[in-house]
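Now for the letters of each chain:
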Amino acid sequence: MKRRILALVLISVLLFTVILTGCGSSGSSSTGGQTFVFAQGSDPRGLDPAYVDDGESSKVIVNVYEGLLQYKSGSTEVEPCLATSWTVSPDGKEYTFKLRQGVKFQDGTPFNADAVVYSVGRQLPPNRTDDMPYASFTFGPVTKVEKIDDYTVKFTLNAPYTPFLANLAMSLAAPIVSPTAAKAHNGNLNENPVGTGPFKFVKWDKGQSITLERNDNYWGAKPKLAKVVFQFIKENSVRASQLATGAIDAMDGLDPNDVKMLQDKNMQIFKDNGMNINYMAFNCSRPPFNDPKLREAVSHAINTDELVKYLYQGYSELANSPLPSFMPGYDKDLKPYAYDPEKSKQMLKDLGKENLNIKIITYSNPRPYNSVNGQKLAEAVQGYLAKVGITATIVPYEWAEYKTKAGQGEGDIMFYGWIGDNGDPDNFLSLLESKEIQTTLNTAKYANPVVDQLLEKARTLPNGDERNKTYQQIQQITGQDAAWLPISHALNMAAYAPNVKEFAVHPTGNIFFKNVTK
Amino acid sequence: MENNPEINNLHLPDEIEVELEQAESRFKSMWYVLKANKAAMVGLVIITLLLFIAFFGKLLMPYNPYVGDLSKSLQAPSAAHLLGMDEQGRDILSRIIDGTKVSLRVGIIAVAFALSIGTFFGSIAAYYSGKVDMIIMRFMDILLAIPSLLLAIAFMTALGRGIDKAIIAIGFVTIPEYARIVRASILSVKESEFVQAAKVIGNRDSVIIFKHILPNVLSPIIVRATLGISSAILDTAALGFLGLGVQPPYAEWGSMLGSGRGYFFNAPYIVLFPGIAITITVLAFNLLGDGLRDALDPKLRK
Chain B
1 MKRRILALVL ISVLLFTVIL TGCGSSGSSS TGGQTFVFAQ GSDPRGLDPA
51 YVDDGESSKV IVNVYEGLLQ YKSGSTEVEP CLATSWTVSP DGKEYTFKLR
101 QGVKFQDGTP FNADAVVYSV GRQLPPNRTD DMPYASFTFG PVTKVEKIDD
151 YTVKFTLNAP YTPFLANLAM SLAAPIVSPT AAKAHNGNLN ENPVGTGPFK
201 FVKWDKGQSI TLERNDNYWG AKPKLAKVVF QFIKENSVRA SQLATGAIDA
251 MDGLDPNDVK MLQDKNMQIF KDNGMNINYM AFNCSRPPFN DPKLREAVSH
301 AINTDELVKY LYQGYSELAN SPLPSFMPGY DKDLKPYAYD PEKSKQMLKD
351 LGKENLNIKI ITYSNPRPYN SVNGQKLAEA VQGYLAKVGI TATIVPYEWA
401 EYKTKAGQGE GDIMFYGWIG DNGDPDNFLS LLESKEIQTT LNTAKYANPV
451 VDQLLEKART LPNGDERNKT YQQIQQITGQ DAAWLPISHA LNMAAYAPNV
501 KEFAVHPTGN IFFKNVTK
Chain W
519 MENNPEINNL HLPDEIEVEL EQAESRFKSM WYVLKANKAA MVGLVIITLL
569 LFIAFFGKLL MPYNPYVGDL SKSLQAPSAA HLLGMDEQGR DILSRIIDGT
619 KVSLRVGIIA VAFALSIGTF FGSIAAYYSG KVDMIIMRFM DILLAIPSLL
669 LAIAFMTALG RGIDKAIIAI GFVTIPEYAR IVRASILSVK ESEFVQAAKV
719 IGNRDSVIIF KHILPNVLSP IIVRATLGIS SAILDTAALG FLGLGVQPPY
769 AEWGSMLGSG RGYFFNAPYI VLFPGIAITI TVLAFNLLGD GLRDALDPKL
819 RK
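For the record, the sequence lines run as chains B and W.
Just so you know, we're using my numbering here: the first sequence kicks off at 1 and counts up by one.
Just so you know, we're using my numbering here: the second sequence kicks off at 519 and counts up by one.
Since the hints were made in silico from the structure, they are not lab data.
Among these hints, one or two may not hold up.
[Unchecked claim] Across the chosen pairs, the derived CB separations fall in these ranges:
1) B:Leu-318 to W:Leu-667: 39 to 47 Å
2) W:Leu-577 to B:Lys-293: 36 to 44 Å
3) B:Pro-336 to W:Ala-663: 51 to 59 Å
[Unchecked claim] Pairs of lysine-lysine, DSS-like flavour, derived with a Cα cap of 25 Å:
4) B:Lys-387 to W:Lys-590
5) B:Lys-343 to W:Lys-590
6) B:Lys-501 to B:Lys-227
7) B:Lys-309 to W:Lys-590
8) B:Lys-260 to W:Lys-683
9) W:Lys-590 to B:Lys-345
10) W:Lys-683 to B:Lys-405
11) B:Lys-359 to W:Lys-683
As the structure is a prediction and not an experimental result, all values here were calculated from the model.
Every residue gets a Cβ at the ideal spot worked out from N, C-alpha and C, and that includes glycine.
All chains should be modelled from the sequences, with the hints used to inform the complete structure.
Right, dumping it as structure tokens:
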């Protein structure tokens with residue numbers, strides 16, 4: 001008798017669990033349209049555009065929020081979004097935007113000039129706080145933002161600044177947040193994002209996934225997908241095998257090594273120019289690499305072409321300067337340092353630096369601009385250096401620790417990279433400006449007054465030939481000074497299932513799910 | 519335990535002689551049993567071979583294990599490169615040969631380190647009992663309560679990378695295992711007549727512990743140490759896999775596995791062969807350890 005009761009209890013528990021799990025999977029299709037599962041490497045830092053600085057956050061943010069302007073698909077040219085038109089004063093210091101009417105935030109708050117003033121105003125001094133990593137970049141030259149009428153706002157800058165329009169289309173700092181929601185959450189929407197975008201936030205299971213659902217009140221063409229789930233799967237190869245088995249619909253951060261396996265399983269590979277640079281920096285602030293001749297000698301010892309072909313298996317583009325080839329101001333005539341170990345040896349000998357001993361610091365994880373990881377790149381370089389008689393010790397760090405060590409100027413050589421924010425050449429080349437040594441962005445600690453002056457000048461020039469020429473001049477000088485050894489521009493790579501349509505990675509690394517279907 | 523016929527013999531030189539003779543005969547009979555155990559012999563042969571590779575690796579390596587040719591990266595196994603090439607264009611066979619040295623060195627030295635310290639504290643705790651025993655063994659219990667690999671990782675993070683640091687980390691975390699075994703074994707013979715006799719004739723405590731007691735409890739310690747080497751090698755590989763092993767460009771099996779795991783789909787040999795090397799080595803020490811246990815256990819001997 002006892003046994004029977006036990007069996008009955010067990011069976012009912014079993015049935016109950018089956019029913020419960022069954023409910024979970026059937027609930028999603030009721031709203032019409034599909035659930036799309038996208039896998040990325042890790043959790044976002046947060047979901048308030050003012051408080052984050054990473055790509056993983058940005059990918060979710062662009063689907064929930066919108067800015068006044070947006071980039072055209074596949075390029076960094078700007079086009080209207082929440083602003084319908086704009087005018088710039090002749091002195092280049094005042095920007096006036098006409099706002100789109102009839103737009104509502106996902107919480108029902110109307111979108112208007114007050115919302116823009118709130119969103120931007122909280123990131124301007126004196127409201128700006130230290131935990132707003134992009135505020136000073138995106139809104140750096142802005143002195144005030146004013147409401148002219150309900151659907152007109154005016155930005156005032158302290159000096160003409162050509163990249164400003166491009167900045168307003170960025171996914172960090174620039175997107176407009178709902179003032180009602182922000183005020184309800186102490187001004188920080190990291191956990192409770194509310195924007196005007198095509199998808200609205202449902203939930204965030206930390207370390208697992210973020211769920212978004214279609215915003216049925218979206219002002220533009222309604223998205224076709226009912227839900228988008230961002231899953232966080234750390235290992236590249238695990239994401240790839242999840243895609244191959246059909247557990248997810250798409251993934252980014254595709255490792256070149258998994259391409260063939262995915263193609264064999266009929267998966268689609270997305271490949272496009274990436275707006276990034278993967279580079280090696282010499283520490284120019286102290287011996288031995290404060291000598292440009294020595295930097296040149298070492299640059300000749302490293303076969304960057306081979307690194308691109310074999311270490312990155314061709315899924316990167318050889319770099320000749322910090323700028324990716326599709327960006328304005330790119331100098332296509334600039335030649336990368338030729339691989340010439342004999343010349344390098346001779347130069348080292350002439351400088352009396354044979355048997356040089358140096359320390360290399362690097363990061364141990366893959367980065368969007370370096371799919372293999374910093375340590376493997378450093379090991380390959382260590383091999384080349386050994387061939388010209390330089391002994392290099394590699395010290396790898398975890399990413400977070402690495403950023404600190406790099407900032408402190410540890411090591412003689414370091415590896416780093418940059419992912420473009422706004423498609424403006426200033427965004428890349430100002431990394432070599434001497435005032436950025438203090439912010440640690442100038443990792444090479446390179447200081448050249450001529451370069452500083454040219455950068456200052458180019459910032460105020462209107463887009464066009466003269467500006468591009470100035471940037472070409474800067475690339476020539478920095479190329480000669482060899483503070484960086486530009487290595488490669490990684491392709492933006494992603495993979496998706498064969499039934500998925502309209503899936504693309506924007507040059508900024510973002511993925512817009514508005515038009516995606518499956 | 520062994521019956522000691524010499525306990526009543528108060529003439530010192532003779533006593534030592536008898537002990538030595540007895541030790542020799544014990545070793546002989548152990549060897550006899552061990553020889554009959556085929557699995558253990560396979561283990562022993564493999565270990566001898568590995569030691570040979572570790573010592574003469576430089577002569578056996580077909581290529582430089584540290585500097586590769588990137589243009590040959592990820593090549594599949596071929597006549598020129600028997601086990602293929604890694605992602606840096608380095609010969610995998612040469613790197614595995616180079617890694618043998620590291621694994622054996624860390625395994626053996628870490629165990630020797632843990633064994634000597636563990637034996638010292640274990641015997642003191644057992645011999646003096648009371649408060650000393652309490653303090654030493656509770657400390658060992660605390661060490662045992664923390665997962666050993668986690669503790670080793672914490673050590674490595676604090677000390678930095680490198681073989682010497684791996685040895686200290688792995689050695690340190692295994693001290694309690696040896697201390698416990700030694701303590702338990704000593705407790706079982708401490709009250710024996712031969713120990714009492716040694717005390718009565720006025721031997722110093724250190725002489726009693728190291729000359730009279732320890733030789734009689736060697737068997738379980740030898741067995742534990744042999745098996746300990748295999749787990750130390752596994753721990754080394756685990757640390758290497760997590761990126762805490764040797765400095766690049768030096769080769770270590772675990773770090774070869776760790777850095778090669780991304781190539782699993784397109785170049786499986788990068789992870790396959792170091793994996794096999796670890797398996798074979800660990801298996802060899804386990805087989806030998808099991809064989810030794812059988813050979814040294816008086817209950818199983820006849």
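The hints, checked one at a time:
no.	hint	in the structure
1	B:Leu-318 to W:Leu-667: 39 to 47 Å	holds (42 Å)
2	W:Leu-577 to B:Lys-293: 36 to 44 Å	holds (41 Å)
3	B:Pro-336 to W:Ala-663: 51 to 59 Å	holds (57 Å)
4	B:Lys-387 to W:Lys-590	holds (16 Å)
5	B:Lys-343 to W:Lys-590	holds (24 Å)
6	B:Lys-501 to B:Lys-227	holds (15 Å)
7	B:Lys-309 to W:Lys-590	holds (11 Å)
8	B:Lys-260 to W:Lys-683	violated (40 Å)
9	W:Lys-590 to B:Lys-345	holds (24 Å)
10	W:Lys-683 to B:Lys-405	holds (22 Å)
11	B:Lys-359 to W:Lys-683	holds (20 Å)
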